[in-house]
Amino acid sequence: MPPILEVKNLRKEFGGLMAVFDVSFDVQPGEIVAIIGPNGAGKTTIFNLLSGVLPPTRGDIRFDGQSLIGLKPHVITGLGLARTFQSVQLFGNMTVMENVMVGCHQQATYGLIDAAFRLPHARREEHHIRERALAQLAHVGLESHAEEPALSLPFGRQRLLEIARALATVPHLLLLDEAGSGLNHSEKAELEQLIRVIRAGGVTVLLVEHDIPFVMSLADHIIVLDYGQKIAEGTPDQVQADERVIAAYLGQEA
Amino acid sequence: MKALWARRNLVNVIAFTVVLAALGAVDIFRPFGLSFSALTGRVVTLDTMIRIGILTIVVVGLNLLMGYAGQVSLGQAGFYALGAYFSGILSTLATRHTILPGITGLWWWPWLMIVVSMILTGGFAYLVGKPILRLKGNYLAMATLGLGVIIHILAGQFPDITGGYDGLTGVPRLSIGSFTLWPMQRYYFLVWGAAIAVIVISLSLVDSRIGRALRAVHTSEVAAEASGVDAEQYKVQALVLSAIFASLAGSLYAHFQGAVSPSPFSFRASVELVVMAAVGGLASTWGAPFGVGLIYVVRDLLKSQLERLLNVRSGEYELIVYGIILVSIMIFMPEGLTASSVQFMQGRRRRHGNIEPQRVQSNGTVEDLGQ
Amino acid sequence: MRQFFRGKIGKIVLATGLVFAAIALCVWLGSRQRLLPQHYVQLTLDGMRGGSIYALMALGFVVVYRVTGVINFAQGEFVMLGAMLCLTIHKLPLPLPPALKLIVAIIAAIVLATLIGAAVERLTIHPARRSPPVTLTIITVGVTITLRAGALLAWGADPYVLPAFSTLALEDHIFRFGSVILQAQTLWIWGTLIVVLVLLYFFLEHTIMGKALRACAVNQRGAQLVGINPGRMSMLSFALAAALGAIGGIVLGPVTRPIYDMGLMLGLKGFVAAIMGGLVSVPGAVVGGLLLGVTENLAAGVTNPTYKSVFAFVILIAILLFRPQGILGGTGQATEEVK
Amino acid sequence: MSIRSKILAIVTLLAIVGLDVTACNSGTSQETGQGVTYKIGFNSSATGASASLGLPEAKTAEMIQKQINDQGGITGPDGVKHDVKIVIYDDESVADNAVSNVTRLIQEDEAVAVVSTTGSGTTIAHIPVCEENETPCISMASAQPITVNADTGETYRWMFKTPQTNGHAGEWQAAYLKATGVSSVCILYTDDGYGKDCLANFKATAEAAGLEIVYEGAYATSDTEFSAQIAQVQASGCQAVEVGSTPPVASLATVAVHTALPEIPITLGHGVCNQAFIDTAGAAANGTVFPCGKITVLDQVADSDPQKTVLQKYIDDYTAFTNGEPISTFGGHAWDAVEMTLNALESLNDGMSLEEQRTAVRDYLENQIQGWPGIGGVFTMSPADHNGLTKESLLFVTVEDGRWVAFPESEW
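Chains as they are written, first to last, in the working numbering: chain A, 5 to 258; chain B, -15 to 355; chain C, 696 to 1034; chain D, 119 to 530.
Note that these hints are calculated values from the structure, not bench results.
The beta carbon of each residue, even a glycine, is placed where N, CA and C say it ideally should be.
You may find that some hints are simply not true.
Claimed, not checked - If you want the footprint, here are the derived chain B segments under chain A, 3+ residues with CB under 8 Å:
1) 182 to 191
2) 263 to 277
Unchecked claim - Reference excerpt, derived from the structure (chain C facing chain D, CB under 8 Å, subset only):
3) Leu730
4) Pro732
5) His734
6) Asn992
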């Protein structure tokens, strides 16, 4: 099977500082892949490059065989690449339900005029969106909070809501940026379970993670970054045994 | 759930319409010799009420742009001016220079020109919106401010077209066939009909895919785009729509006033529109008529009461007190007067569309403006 | 090619090219108005006079914006207050020699305006400090309305006279170089701008208060952690802005005729200057102010002066669209998206 | 439901305030006369951009109200006494407010006639209100389109105005320049209603007199730099400069012209006939020439002048009423408008309906104001002329050592 995501010689400079330096890796469909590395290793920058928030200085990103370079973030989302954020970015002026409905944005087509005059076709699609959103909420176990303000949820639930919103875009590949940070033990276990369910549903998952034990038990494949460069790649066992990784990351942690 | 909200909107709209229609009917039928202004203790006249209706249309649009999409405009009076001038010019100049003789005198010509004005203003907003909406927060506010000031200055030039500083005169009254929408009592129904239509459109939009996209852009553009929302497109759409509303209001203004001059479209007017939106409560469609109404009522009250209380010519005192009231409202009820009073009356019950307004605003706007 | 213009040298080449193109356009348009070389000199000199006032105003905007994130619309009213207070105190029958009397009036006016600035912050901005900046900005609009109406009440609608500093009379010394005219007050204005800049530099770099203010501007939370009170700094920034505005109004007073509503247009222009300088930079504000004054005056001179103010706002929009970080550069924040 | 409680709250608020207001109104209007109380509507720009003009107008109206009260009202030809109430509003120099105020005065306050307003643009905005409601309106602004419909060229039926016009001023200026041998003129004017009107009128009269206008340059009211305009004036090589502005910008422009071209003759419009101009232009004012309403140069007016006694009385009254505030020509425009209306009201018998009163006042103004000496001049209205003044209503003056001095044709 061809890889769902191919990253080739990706580079990002911030005014002379190399945040990402010629990184290449592939992600196979159906895998759970994790990118790990110490703080400032360029993990989140890679996510921002993949999702189109930042333009790369050079290099190529191919998703399902199509280059993502120069595409706007919402177009990339439309192609089936969804993401969450390290610092949860919910829409605070909306309910839980509406947050997920925003994720369903591209599942509907009706425009300004249809909406303004509540044309039948808009109402039909709206109904459809509502059902989909409710289904996604059920997926992450938030359906009973549907009409509450998004920010009234406890932090762990907010993470889940953000994942539900990302899933609502019907992704093939889901990017989770430090989804586990700030969660307690049981919440992490819940999250791990959810990620497995998502993968079982046919969605490839790429995570950026800080919490090594969490990643080791979850990921099929791990990429290790340090100072913007890829220093190792392989299965959890291979990575754990890698000298450079221990030196750069695990050693430092200890 | 959805049906319930829709029903609540419907009930509100009907209640609002009935109250306004009843008020208007009083002035036409004058039961027991009561006029509209007598009902309000001569504080609000029908003339004021019509102006409130006209500005409500502008503020509803501004609210979509500012309150929902989070894009501050300090030049909304510019779009309002464009509507008034396009309508004024197109409905008088063609007649004056006998372009298209025979047609321009027909009753539907001014109506057609109102639509043409809306298209022209909307098109203008689209052209300037693309580049300008790349800016954020204070910078966007200032670019729109500049735009508004330029339109205001240019409106005073070109006396052959705009009438210069003295303005255009002879803008015709509107009529349907031979039924003239004048005197004021009839125009009142047209203006408030349009205002309610605009409110209904806004309510529908806010609750739709488009409204959610706008609100999402307000809170976090990055997250909105990651959810598949084309932020740029929706910001432009919001601007164009608010400009079209402003243009409609401007046209209604021109036909109400019968004359158009630059003075009502100054920078101060743009600021006042923002104040009205803020007083009514940003991100609240219903806030618009109440925000506009309150500002008018407060000012008229100040005019009549200050003179009585202080026994002085009130001009300056009125402005001083107006400024102080404005500052006080912003300090003590930053989420808008109507929202605050309703909250007060209803305890801490949460309302749809404006959930925890304080948090909404500090979340959305701080990020946008504070960087 | 595009790469080249993005590089440092490319940018310099591009900027130089644009400047030359602008000069060429200016000369071509000027020749159609039959302007002579001395006219350009005159236009530039007078533009720099107006520009110096814009610069002082822009400094006020920058100080407040950096510390509080508020666009202080009342900045123009501080200018008006400076001029009005000064001439009012000057008219008091104090038993002092004329020159000393003017000096006393100037100092008293600056002190009063500074106190008013601080009071404005305490009474309006401080109680609402937790509100978003857009609310605070609207509050300053309310303050503007109140101050202007108060001025109308206090001083009426008539224009006043502030004597020229050199002659202590309405008529100023005039230096003539051929047909080029330079008023002594213009020199006072330039001198004041320089002195204010030196004092401001000293204040910000070498006093504890100034350093605290700068720290607060760079990182409010960090400043709080090291024991700086951001509320006090907010008040200080308004006081400083009011002082800068008042100084501008006082030195401008003799070349204009102070009137209660003089702050309106000056405020907007000062704001355009601040934007030209990037809204956050002190040198930017000065360069922005001078450049705005000169450009506006030259553009008016070679075309139709009716559109002088239009030029200023066209410049505003052009800067915002093409160089939101201001003419001096630095990293832009106007279109920055990523948090 | 939120919206209904909002409506309820606002209606309650209005009702409370409304009761308060009505209660008070009925309390204050003590009717001392036997006939109905006549109401005169008065609207001026006491604040905002035209405040320096509108404020003395409002004060003049207050003064007249006090005088009428002291006299105990007015008496009609049938011997019935009437109280007169002048209802005074401020439009803040904004056209919308002018329309609202005039509408309110006509429809709510039921004024027999309305005096409104200070500015030309603001007056023009409310013309439809006066015409449609068939109520006489007297403006204190001077532009041509106030009394004459620009499209049809016909005089409006219900619109009148009291100031001397820029047309009258233009005739003086053109005649003077012509007489002194000038052939090419530059015009500098404010980019506002007054300046534009000066420009149009000066151009018309100057060109009719055979003068060539070689340069027209505008500036904003708030401008303090004039080097752009001066450079273009110098480049155009004209022999005289006409400045069409009001202070303070008129003073600044005059100083700028005088500094750059000390020898060039400067003419101005009658907008500078106030002490503020001389105070703020200083030495540059010396030698400038302009036509003025006689009120501003009373000491230069001959004792035989039919206006002299009226002028003297107004000045004394106003000075006493305002505790010595400076006299302005604009207050005079208000005086003329209100006094004319009072004269008209004094001609009414009791028992007329409001519509009849309005028509009668209008007819009186149009036909009975003949050789009527006021502040602005000696008025002679006619169906075609709702201003009734001529060039002679202005006195041509020059400034010598900071004082106005009459400058009759014989001395040119």
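Now for the hints, and whether the structure bears them out:
Look at the segment 182 to 191 of chain B against chain A: 3 of its residues bring a Cβ nearer than 8 Å to a Cβ of that chain, three or more, so the hint holds. Remark: the segment 263 to 277 of chain B is not confirmed as covered by chain A, as 1 of its residues place a Cβ nearer than 8 Å to a Cβ of that chain, below the required three. The restraint placing Leu730 (chain C) at the interface with chain D holds, with a minimum CB-CB distance near 6 Å, inside the 8 Å limit. Violation of the interface hint for Pro732 (chain C) is found here, the shortest Cβ-Cβ separation to chain D being roughly 11 Å, above the 8 Å cut-off.
A least Cβ separation of about 4 Å between His734 (chain C) and chain D falls short of the 8 Å threshold, and the interface hint therefore holds. For Asn992 (chain C), the suggested interface contact is upheld, since its CB lies about 6 Å from the closest CB of chain D, less than 8 Å.
When each numbered hint is compared with the structure, violations occur for hints 2, 4.
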